[in-house]
Amino acid sequence: MSLWSGAIQSLLLGFSTGTYCAMYCAPVLIPLVTGTDNISLKKTGILTSLFLSGRMITYIILGIICAGAGLLVSSFFDPVFARRLSVIAYIFCGAILLNNSFQKMKKKNEAQCRGLKKISVFTSNDYSTAVLSGLAVGLHICPPYWATLFLCSQSGSALYAVIYFICFFAGTLPFFIPVFALPFAVKKLPALKKIAQITQLLIAVYFIIFAGIIPLFFYK
Amino acid sequence: MAVKVLLSALMAFVIYFFTISMHGANIITWIYGAFLLYLFISMIFTGNINKYRRIFQFVFAVLFTISFIGNLYDERGSMAITQNALFESEIPFCHLVIPVSIIPYALTKTIIFPARITGHYAAIVSMLVIWLTAALTIGRGWCSWACFYGGLEDGFSGIAKKQKIKLLPKSKEIRYFHFAFFSFLILMGVAFLSSIFCEWFCPFKLITEFTPIVDIPSLIATFIFMSVFLIFIVILPILTKKRTQCSMLCPFGAMQSLLDPVSIYRVAIDTDKCTSCMQCASVCPFNAIDIDTITQKKGRPEITCAKCGACIDVCPQKAIKIEFSFSKALAKKCGPNILNPDSKLQKFFIDLLNPKYVFMFSAFTFGVVISSMLSTDGMRRLISGLLSALQLGGN
Chain P
1 MSLWSGAIQS LLLGFSTGTY CAMYCAPVLI PLVTGTDNIS LKKTGILTSL FLSGRMITYI
61 ILGIICAGAG LLVSSFFDPV FARRLSVIAY IFCGAILLNN SFQKMKKKNE AQCRGLKKIS
121 VFTSNDYSTA VLSGLAVGLH ICPPYWATLF LCSQSGSALY AVIYFICFFA GTLPFFIPVF
181 ALPFAVKKLP ALKKIAQITQ LLIAVYFIIF AGIIPLFFYK
Chain Y
1001 MAVKVLLSAL MAFVIYFFTI SMHGANIITW IYGAFLLYLF ISMIFTGNIN KYRRIFQFVF
1061 AVLFTISFIG NLYDERGSMA ITQNALFESE IPFCHLVIPV SIIPYALTKT IIFPARITGH
1121 YAAIVSMLVI WLTAALTIGR GWCSWACFYG GLEDGFSGIA KKQKIKLLPK SKEIRYFHFA
1181 FFSFLILMGV AFLSSIFCEW FCPFKLITEF TPIVDIPSLI ATFIFMSVFL IFIVILPILT
1241 KKRTQCSMLC PFGAMQSLLD PVSIYRVAID TDKCTSCMQC ASVCPFNAID IDTITQKKGR
1301 PEITCAKCGA CIDVCPQKAI KIEFSFSKAL AKKCGPNILN PDSKLQKFFI DLLNPKYVFM
1361 FSAFTFGVVI SSMLSTDGMR RLISGLLSAL QLGGN
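Residue numbers (my numbering), protein chains in the order written: chain P, 1 to 220; chain Y, 1001 to 1395.
No lab work stands behind these hints: they were computed from the structure. Don't take every hint at face value.
To be verified - Derived lysine-lysine pairs resembling DSS-like cross-links, with alpha carbons at most 27 Å apart:
#1 193/P x 1172/Y
#2 194/P x 1166/Y
#3 194/P x 1297/Y
#4 1297/Y x 193/P
#5 194/P x 1298/Y
As the list claims (entries may be wrong) - Computed list of chain Y residues with no C-beta within reach of chain P, every gap over 10 Å:
#6 1102
#7 1123
#8 1190
#9 1213
#10 1259
#11 1326
#12 1379
#13 1390
#14 1391
What the hints assert, rightly or not - Ranges between beta-carbon positions, derived for each pair:
#15 19/P x 1004/Y: 48 to 58 Å
#16 49/P x 1126/Y: 22 to 32 Å
#17 188/P x 1026/Y: 47 to 57 Å
#18 1297/Y x 193/P: 18 to 28 Å
#19 1214/Y x 75/P: 30 to 40 Å
#20 19/P x 1356/Y: 39 to 49 Å
#21 81/P x 1194/Y: 21 to 31 Å
#22 1385/Y x 218/P: 49 to 59 Å
C-beta atoms are modelled at their ideal positions from N, C-alpha and C, and glycine is treated no differently.
All chains, please: the whole structure from these sequences, using the hints.
Shown next, in the form of structure tokens:
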């Protein structure tokens, strides 16, 4: 398959199933953006871009691994492995969101202790949370994602893999445009910020326990 | 007086049609019909909405539970969800799952709940029709007048004489938590394409149907169901005299709150008459009136108001009333003298269209329609069970 036809195929794969990508990302992105301090269109744009960049980095890393392994990838990369990867991603993502939620709760106390504040900036602020959770969400492998991974392993080229996944990622982008409505909603209903912060905490706990630990230890 | 008699007569007809005529004239339907009529007459003549509404809802909840469990035993021979029922999509569709089903359906055309589409009283279409009718008419009043689960909490919240835990200072936080839990369920339903409320958090699994315990996750789920039932349906309502599950967890209640502005009735607080005694805020089972609602003179409860009538009954100044959502617009358009009658006949019709009476009539009618089949079936099963027990005891 030529680079161009593979790229177009990846773009269309992303575009045709972008709804599902957005559905996977919504529980992480919507509460994070809605619950952030001083929300604005600019800040929404930055947070969404960081989150999506994290997701794209994971895509590209997996794509390069598959391209490097070639068709050998099929000997270890099966649906069970993909599910385990997804479960670990949920635990990781849940931990990131939980940390962010706790830090938001402790913000007032923390402001009194500058040393602590400096340490927790990277692990707790919304920007780093967006990147790290984006990296984790990129590990949820859906059928079109499988198809693109297959294209990468078939090509055997890291460059092709990068281009395929950039195209796949670009195909899913239009489905994130509604996120830019959130600042307007929060300005009209300020209570949404508090509600979003609690929602994020609940989602974090659910990811860790119900989507992470229980499937990891008790589901075959 | 004439209006009250007329409304009672009309209600007698409604009850006769929906309870006796539709489900067969027999001793059970007549008893249940008479019970409903007694409650309505008492409600309309004493003006005490909440007292008689609570009796109705508690009795309905108990009889519903008996009927539902009995039907499950008739159909499956057990309360446990069978693999066959899952694969054949024969799980009764519960209204609590409507909000978490709508968005995944809109996005993916997938119904995430394995229920029948039509042809059963608990099929998806019949529940959607009931929900839409409720949303347009009584709004979140559904939770106080027609929900077959809410009556259990109403019953338990009436046990203690005084509140052991006062939730009033935390009313706003409780509302935030409720909407946060609702958003969480919606987002998770979208991400996982399943109703995680049913899978992990529904307290009513314990009294309706449950997943058989076959592995550790189902054991954990059952433990959670039991804990949520005990904490939110039994213990907290007793200690707080509030409907804690309805005001903290129920996804349907949260959705009805958001849709309530489309309903034609609303509760209004006359801020000129109000003396800020906070009795309404203290008794509100849904935490819909808090200190800010009164001190900031908002003129109406918060959006979680379920029109149960508790605040109306308790207000010493009679400052709280039910009104039509279009009342102010109508008065603005037709002028302030629209409700000044010139004759006795005009006064009669104006009394007949009193929002309080119209609301009581329509909400109770809703309750009659929803409850008749399940309650009479529950009564039949209860009486035949008692008779069998007596016969066994006699032998």
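Results for each hint:
1. A hinted pair counts as satisfied when its Cα atoms are at most 27 Å apart, and residue 193/P with residue 1172/Y qualifies at roughly 14 Å.
2. The hinted pair formed by residue 194/P and residue 1166/Y meets the criterion: a straight-line CA distance of about 23 Å does not exceed 27 Å.
3. Straight-line distance between C-alpha atoms of residue 194/P and residue 1297/Y comes to about 23 Å, which keeps the hinted pair within the 27 Å bound.
4. Distance check on the hinted pair: residue 1297/Y and residue 193/P sit about 24 Å apart at the alpha-carbon level, within 27 Å; holds.
5. In summary, the hint linking residue 194/P to residue 1298/Y is supported, as the alpha carbons are separated by about 21 Å, within the 27 Å threshold.
6. Residue placement check: residue 1102/Y keeps its beta carbon more than 10 Å from all beta carbons of chain P (closest about 14 Å).
7. Listed as a non-interface residue, residue 1123/Y keeps its Cβ farther than 10 Å from every Cβ of chain P; the least gap is roughly 26 Å.
8. In this structure residue 1190/Y is not separated from chain P by more than 10 Å, as the shortest Cβ-Cβ distance comes to only about 5 Å.
9. The Cβ of residue 1213/Y sits about 13 Å from the closest Cβ of chain P, beyond the 10 Å cut-off, so the non-interface label holds.
10. Against chain P, the non-interface label of residue 1259/Y holds: every CB pair exceeds 10 Å, the least being about 16 Å.
11. Even its closest Cβ contact with chain P, about 24 Å, leaves residue 1326/Y beyond 10 Å, as expected for a residue assigned away from the interface.
12. No beta-carbon of chain P comes within 10 Å of the beta-carbon of residue 1379/Y; the shortest separation is about 40 Å.
13. Against chain P, the non-interface label of residue 1390/Y holds: every CB pair exceeds 10 Å, the least being about 47 Å.
14. Listed as outside the interface, residue 1391/Y is consistent with that label: its C-beta sits roughly 47 Å from the nearest C-beta of chain P, beyond the 10 Å cut-off.
15. Against the hinted window of 48 to 58 Å, the Cβ-Cβ separation of residue 19/P and residue 1004/Y comes to about 55 Å, which satisfies the hint.
16. The supplied range of 22 to 32 Å is broken by residue 49/P and residue 1126/Y, whose beta-carbon atoms lie about 46 Å from each other.
17. Distance hint check for residue 188/P and residue 1026/Y: the Cβ-Cβ separation is about 55 Å, which falls inside the suggested range of 47 to 57 Å.
18. Separated by about 25 Å at the C-beta atoms, residue 1297/Y and residue 193/P satisfy the suggested range of 18 to 28 Å.
19. Evaluation of the 30 to 40 Å hint for residue 1214/Y and residue 75/P yields a pass: the beta carbon distance comes to about 33 Å.
20. Checked against the hint of 39 to 49 Å, the C-beta distance between residue 19/P and residue 1356/Y comes to roughly 47 Å, which is consistent with it.
21. For the pair residue 81/P and residue 1194/Y, the beta carbons lie near 23 Å from each other, so the given range of 21 to 31 Å is met.
22. Look at residue 1385/Y against residue 218/P: about 39 Å separates their beta carbons, and that is not inside 49 to 59 Å.
In this structure, the hints that do not hold are numbers 8, 16, 22, in rising order.
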